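> Spelled out, the chains give:
There are 2 protein chains.
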Amino acid sequence: MKPNIAKGTRDFTPAVMAKRNYIFNVIRDVFHRYGFKQIETPSIEQLSTLMGKYGEEGDKLLFKILNSGDFAANLTDEQLLERNSIKLTNKICEKGLRYDLTVPFARFVVMHREEIAFPFKRFQMQPVWRADRPQKGRYREFYQCDADVVGSNSLLYEAELIEMIDDAFTRFGIRVEIKLNNRKILSGISEIIGEADKITDITVAIDKLEKIGLDGVTAELKTKGISDEAIDKLQPILNLTGNNHEKLNTLKTVLAESEIGLKGIAELEEVLSYVETANLHNSVAIDLTLARGLNYYTGAILEVKALDVAIGSISGGGRYDNLTGIFGLEGVSGVGFSFGADRIYDVLEQLNLFPAETLEGVAVMFAAFDAAGIAYCLPWLRALRSKGIAAEIYPEPAKMKKQMNYANATNVRFVAIAGDNEMLSNTVMLKEMSTGTQEALTLEQLLSRF
Amino acid sequence: MKPNIAKGTRDFTPAVMAKRNYIFNVIRDVFHRYGFKQIETPSIEQLSTLMGKYGEEGDKLLFKILNSGDFAANLTDEQLLERNSIKLTNKICEKGLRYDLTVPFARFVVMHREEIAFPFKRFQMQPVWRADRPQKGRYREFYQCDADVVGSNSLLYEAELIEMIDDAFTRFGIRVEIKLNNRKILSGISEIIGEADKITDITVAIDKLEKIGLDGVTAELKTKGISDEAIDKLQPILNLTGNNHEKLNTLKTVLAESEIGLKGIAELEEVLSYVETANLHNSVAIDLTLARGLNYYTGAILEVKALDVAIGSISGGGRYDNLTGIFGLEGVSGVGFSFGADRIYDVLEQLNLFPAETLEGVAVMFAAFDAAGIAYCLPWLRALRSKGIAAEIYPEPAKMKKQMNYANATNVRFVAIAGDNEMLSNTVMLKEMSTGTQEALTLEQLLSRF
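Protein chains in written order, with the working numbering: chain A, 47 to 496; chain B, 47 to 496.
Hints may contain errors.
The list makes no distinction among identical chains, and a pair is therefore deemed to hold if it is satisfied within one copy or across any two copies.
[What the hints assert, rightly or not] Straight-line alpha carbon distances no greater than 27 Å define the calculated BS3-like cross-link-like pairs of lysine-lysine that follow:
hint, residue 1, residue 2
1, Lys137, Lys48
2, Lys53, Lys99
3, Lys133, Lys48
4, Lys48, Lys99
5, Lys433, Lys65
6, Lys279, Lys298
7, Lys254, Lys293
8, Lys477, Lys268
9, Lys182, Lys257
10, Lys106, Lys48
If you're looking for bench data, these hints aren't it; they were derived computationally from the structure.
Quick caveat, the model's predicted, so the values are computed rather than measured.
Extracted from the complex, chain A is given alone in its bound form (with noise of 0.2 Å):
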């Protein structure tokens, strides 16, 4: 039988685990520097629990799991013979594989809520399962890396996720544009110009005002349904340019009759304000064409989009207030974001930004060529690792080529030859592997090396 992997899903060889730790590894530091604690949820819950939360075509791509025994013993002709899938789904499936971790979240939230300390700032990183059509750079399984804190309406805490993606990106070496938007500037936009449920129109067209100039996105806008007098309206948004300030200034002119625009105002200049005094890496800009899981957002609205490779959004975030609702508990309000690890690796690959360590393999390998050799070696290497040295032995007396052919297929930095000559001496012949120079070592010096 010749084996195969499920559509989709990705076996980690050692040399690209290695690669995602480094990634893992960061946003992990990152998260706990800025006082985020980790949580786990199982990948298993209730279909109750995530159905119906991300929208007819997400409870399609949920994984829904048989139940276990004799799941059709009680299913009525009827039932059977009519042959829909999606009623005998119910039948037979009660739970279901993670789609994102803010679902999971949110039920933990509301289920542990008598031992949470609130303000809540929990960072998860587990995978996610998605029945997409496989493609390239979207996978069936793949990880997710999310910082929230819940229970706060402070908007310290939308300057802090921009310093901890500041923090992150700076230290992957990849230079980003940080992208602001505000639910309650595009509200107050559709507000002004009597058109609430054109949000979506007026923010896809504004996107292409690059593409197809202004022309084109009034020429849009109208086969859209949106009035001549609303798209007047709409005009100083659409030319909106200058600085952050120079944006906000304009947009205070436009809204000035919108409550909810100018509320949002104040929000993105206040969170301006926290983050001007942070001395950024990358830089900062308000960019209304924002409207990721606009429906879901309540507040600040986050992207990050790399600027040396063309890749698109590469994290995202924002706030919402009523996340822990569709469990039962009003008025939590959270704000949250997601590094995107796939894309980041995707990155990192083609800018070749991953450090030299991270592929490196034990320090160093001890070669003998006999039984008598072996057990030289034995103690030098215990003696290695008990300082916290990663070492090993080639296991068996095999031929030099052999033995260093494997060295070099797994990194080791550093061989260490146990020949007739080093036992008389009480040595060791220590090859480092990227130059190729020798050095005669009693054991003190070998572990003083290292």
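Place chain B on chain A using the hints.
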């Protein structure tokens, strides 16, 4: 809607997660130090990869994933109305959740054999899923932490695994006994007494020696249909006492006529010769009753028992000669070991062995009482973070009591208070939460404290 968690699964709160991470970090560090390299395989595997690998019971315990889309469309009336859940499963499910890490690892080795340098030392720390009836200490989702070497027959690796076990449990502070057996000795015993199929009955009976005595064991063996002559031959084995070498000497006499039995003894002697020079902190004891995964292991069998807690085996492993044979790659011998993270957690908890640092929150939380105080604290906060110190600020100018409650609940080590006096004197009042002592510090003094 009141949310629920799926039966047999768990949420891990920050406090529990911190303890779990402590365990995973120790194990991961030991694996690294011994030259094992991490891989990951997908949670979802083809059912064809998983079915038939864990026995009939295992097939039932696999979580199966319903095919996406219109899975019922092509089922015939007959197939539907038969209501045969097993047959229907084959028609409507192609994928399942990983049941252990071993079978996916075998698949991995076969699929990646051209890229792998053998001997391949891999470790893997990932969850597995089993539709077991949940009970105390048994979950439907749990982590396995496996290290295996494939592609070498060298018994050095058996010794290396034993050293790793000793290393890890020494660091945990858990006193253990490492039990050692060899499948070939068990085969030799059944060969000698002419009852090849009775090995399980014999080991089960020997295992009861302490409880029911020699006469009881003899009686039980008789009821299993083992001849008087065979029971006579078994006497020296039932009475096996002394240190490891005394036991092996007795076995040499009993198994003198069994080639495979003598091979097993020679293997154990070689493994012991390596570990006897290693100055282990824990004892290694030959135990013939050890027969875990009898059909699976072909050489060494290993198990770890905690000495100070009655909890059964907390880790185990052994050598298998044909793991990848099921996927068409013959002749790849391997030896591996799995740390039982959940059991280790329970032992550490019962013996109160988790290090105190495990539960510590951020090093410093800043407390301010108005907007000016918050603005005053931000540069201090950022200075600590950029030094790698975990720090946060209470996000609103709340009353002291509320802020202190949060600090206590999240195990903050120090609270840095910025009231009017502190702002005037360019200091913060640093309060150590465990002692209550306070000290006014400048930014420079604060940074040098950490």
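> Would you pick out the hints that fail for this structure and give their numbers low to high?
8
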